[in-house]
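Number of protein chains: 2
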Amino acid sequence: MDIFSAKYAQEFDERDPLKLYRKKFELNDADLIYLDGNSLGALPKATPDRIKQVIDKEWGYRLIRSWNEGWYDRSQKIGAKIAQLIGAQPDEVIVADSTSVNLFKLAYGALKLQKGRSKIISDQLNFPSDIYLLQGLIDLFGQKHKLELAKSSDGMSISNEEIEALLDDDTALVTLSHVVFKSAYMYDMKTITERVHEHGGLMLWDLSHAVGAVPVNLNACNVDMAIGCTYKYLNGGPGSLAFLYVRKDLQEKLNSPIWGWFGEDNPFEFGLDYRPAQGIRKFLAGTPPVLSLTAIEPAVDMLNEAGMNNIREKSLSLTNYLIALFYEVLQPLGYRLGTPTDPAYRGSHVSIKHQEAYRICKALIDKNVLGKSVIPDFREPDNIRLGITPLYTTFSEIFEATVQLQRIVKEKLYTHFSTARDEVT
Amino acid sequence: MDIFSAKYAQEFDERDPLKLYRKKFELNDADLIYLDGNSLGALPKATPDRIKQVIDKEWGYRLIRSWNEGWYDRSQKIGAKIAQLIGAQPDEVIVADSTSVNLFKLAYGALKLQKGRSKIISDQLNFPSDIYLLQGLIDLFGQKHKLELAKSSDGMSISNEEIEALLDDDTALVTLSHVVFKSAYMYDMKTITERVHEHGGLMLWDLSHAVGAVPVNLNACNVDMAIGCTYKYLNGGPGSLAFLYVRKDLQEKLNSPIWGWFGEDNPFEFGLDYRPAQGIRKFLAGTPPVLSLTAIEPAVDMLNEAGMNNIREKSLSLTNYLIALFYEVLQPLGYRLGTPTDPAYRGSHVSIKHQEAYRICKALIDKNVLGKSVIPDFREPDNIRLGITPLYTTFSEIFEATVQLQRIVKEKLYTHFSTARDEVT
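Chains as they are written, first to last, in UniProt numbering: chain A, 1 to 425; chain B, 1 to 425.
Note that these hints are calculated values from the structure, not bench results. It cannot be assumed that every hint is accurate.
Remember, identical chains collapse to one label, so a pair may be satisfied in a single copy or spanning two.
Unchecked claim - Simulated crosslink set (SDA-like; lysine to any residue; CA at most 20 angstroms straight-line):
no., residue 1, residue 2
1, Lys190, Leu250
2, Lys81, Arg62
3, Lys52, Phe270
4, Lys77, Ala277
5, Lys119, Lys151
6, Lys253, Phe141
Isolated chain A (complex conformation) (with noise of 0.2 angstroms):
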């Protein structure tokens, strides 16, 4: 049968055996393909009821007494739940603050226990804003650092040669996004992290685009840090709280610069001493937001009850199927691939590239256009990012994706939209 039909793509959604988790997201818009769930995750179905519970009763009816009811230990107990997502010890994980903020702590506690070394290493795939938070810790240590990153030579991956190229015995840390945010290329986290060690480097490894979409296993791995945030494949909504990872040798060694409230030993002795906590617990900042991070529940316990393997599966046989069909249908119309044909190097999503990606994502979006609303993202300067999550995106979703973007294209529809950007995001 041909690949590029909708019928090809519907047997496959109906041999699919994660399909009923389909259902279990509030997606019912039949003019809506959302393929952005690597920006803000889908509404579960069972977080309305749960964030209900936390507003009517436990805040509304409980007030105060919820802090002893559940509250304080929420960081952590859904903190060991993305454990398992990501092959670490519960209590070697926990729920905290944004990605930026626990980036800026684990790579400053970091930078300070490994005085005297002066390079920190990352690559120009990585998102901007941890390059950001580096330059602001090279600052704030006093330009004592230098930052090295990798480049990639053909503008989507990245070799672990080329990372290997840059590591010497001055190497104070290293961090990578496991998975690069354009392109969706992975790392290979192991070997990477192996190489650094070797060095005497600490690696810091940014789970954002990889938790949830891929298996992690970071003990396996013998990674010393990891962050990452909720709202993309782990659904937690807009702006859910962060989460960090810090291997179980390494918490008693490693200091926040944040001194705060909820990292305390124990702060409801109003002791004027600062004591860091025990354990994972010090890396904890201030009060967390409940309702945000209450919110990130559902999905984890659908994560790890579909089995990271699984949805792996399902995310290549996603991909695999997105890519055939690029080939077939797009390459043809000036498209090209901005994401690695190899699986073993590949995350949850797929870049499509286009001199017009701007116009073309705008009417994708436009359901005026083609009577379907398709949501990408698009990422400067020629991106169109396709988010693939394996609990609830279709075959035939990517199927009727392609069909829009090749009309789109052969049509020259793009053309009735402006270049100018509009928008914020």
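With chain A held as given, fit chain B onto it using these hints.
Just chain B, lined up with the frame of chain A:
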């Protein structure tokens, strides 16, 4: 009429011009007298629907599009509403992170700006984690600063002179709580800020126990920086985001050490070199948790509508009444007053001390003891802290709580409870 009578209290409640606001909160438990709004404010009735809208419509239905439809500017819009409560300009206040993280960002910026000055001043009555944060910053800056804490001669207040005695031309930063968390002592913000400025110091006020409880006029007092939480008198819900204020002319000079995603000038350009945003946005770090952010708005709107002067008038009527009852029936039983009697130096809570405070609190909370649960805060070592939230606390509740305090000691009802500290908070 005898002030120690239910009828007296009821008459005050009937004449209360703000009495309608009580009905705007979910306080339906007839067996509960909630005097802990200074720890966690009660749930406004408008909030569940507002959050339902964020979840169902903004997140569930509009998905990523909501960033362009209200989320991106929400931190600033709610900040501008909080600005009205604290005498600041709309572009001087923004909602962000936790109080701990905000204190860290601003105090870091201040110490950096005040290079060459080594003294940091606070006081022994300040909230401990404000002190922890300063201790952490001293560590971060390499032990170049010393922290001096003004002592309290009476255990509940600190005179202007006691602060002035510590000021000199080596003073970099003074940070104090406008209303002190245990005693409710309220500083003379204008005079202290002036004195600090005379010595070239920067002044940072923590408004956590002041905002929404007492009128604050940051601009009139020429305050440099302020921070505060929103889960007390702003009723934003458990761990709701904090806010920060930086005086307009200081915004350009002051810099956050956390060069984060949302504090960048144009994060969606994805440039690799950090440029701080213009104005107050530069003090943002990561993506704000939108659920916990939005929950702040309903009560802030109510407070602006009710007017801080009216709120102050009611607050003083309530605390004056409680103090009058204290002298009438509690002092004779061995209770001591832990809050200033002079209304000019009193916030909106009242601390009553007793050597058996911990067990008395247990007896107050247990509704099996006297038929109703009265919820105060116990604060080590001997404080029963009664929070008075002018929008919903009634004179009758204060009367009933006083009757319980009286009976629990008179009839030794606290002796049924253990002194073991068996709860977290």
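Each hint tested on the structure:
| no. | hint | in the structure |
| --- | --- | --- |
| 1 | Lys190 <-> Leu250 | within (18 angstroms within a copy, 47 angstroms between copies) |
| 2 | Lys81 <-> Arg62 | neither (25 angstroms within a copy, 28 angstroms between copies) |
| 3 | Lys52 <-> Phe270 | neither (33 angstroms within a copy, 36 angstroms between copies) |
| 4 | Lys77 <-> Ala277 | within (16 angstroms within a copy, 36 angstroms between copies) |
| 5 | Lys119 <-> Lys151 | within (16 angstroms within a copy, 45 angstroms between copies) |
| 6 | Lys253 <-> Phe141 | both (19 angstroms within a copy, 19 angstroms between copies) |
The earlier numbered hints that this structure contradicts are 2, 3.
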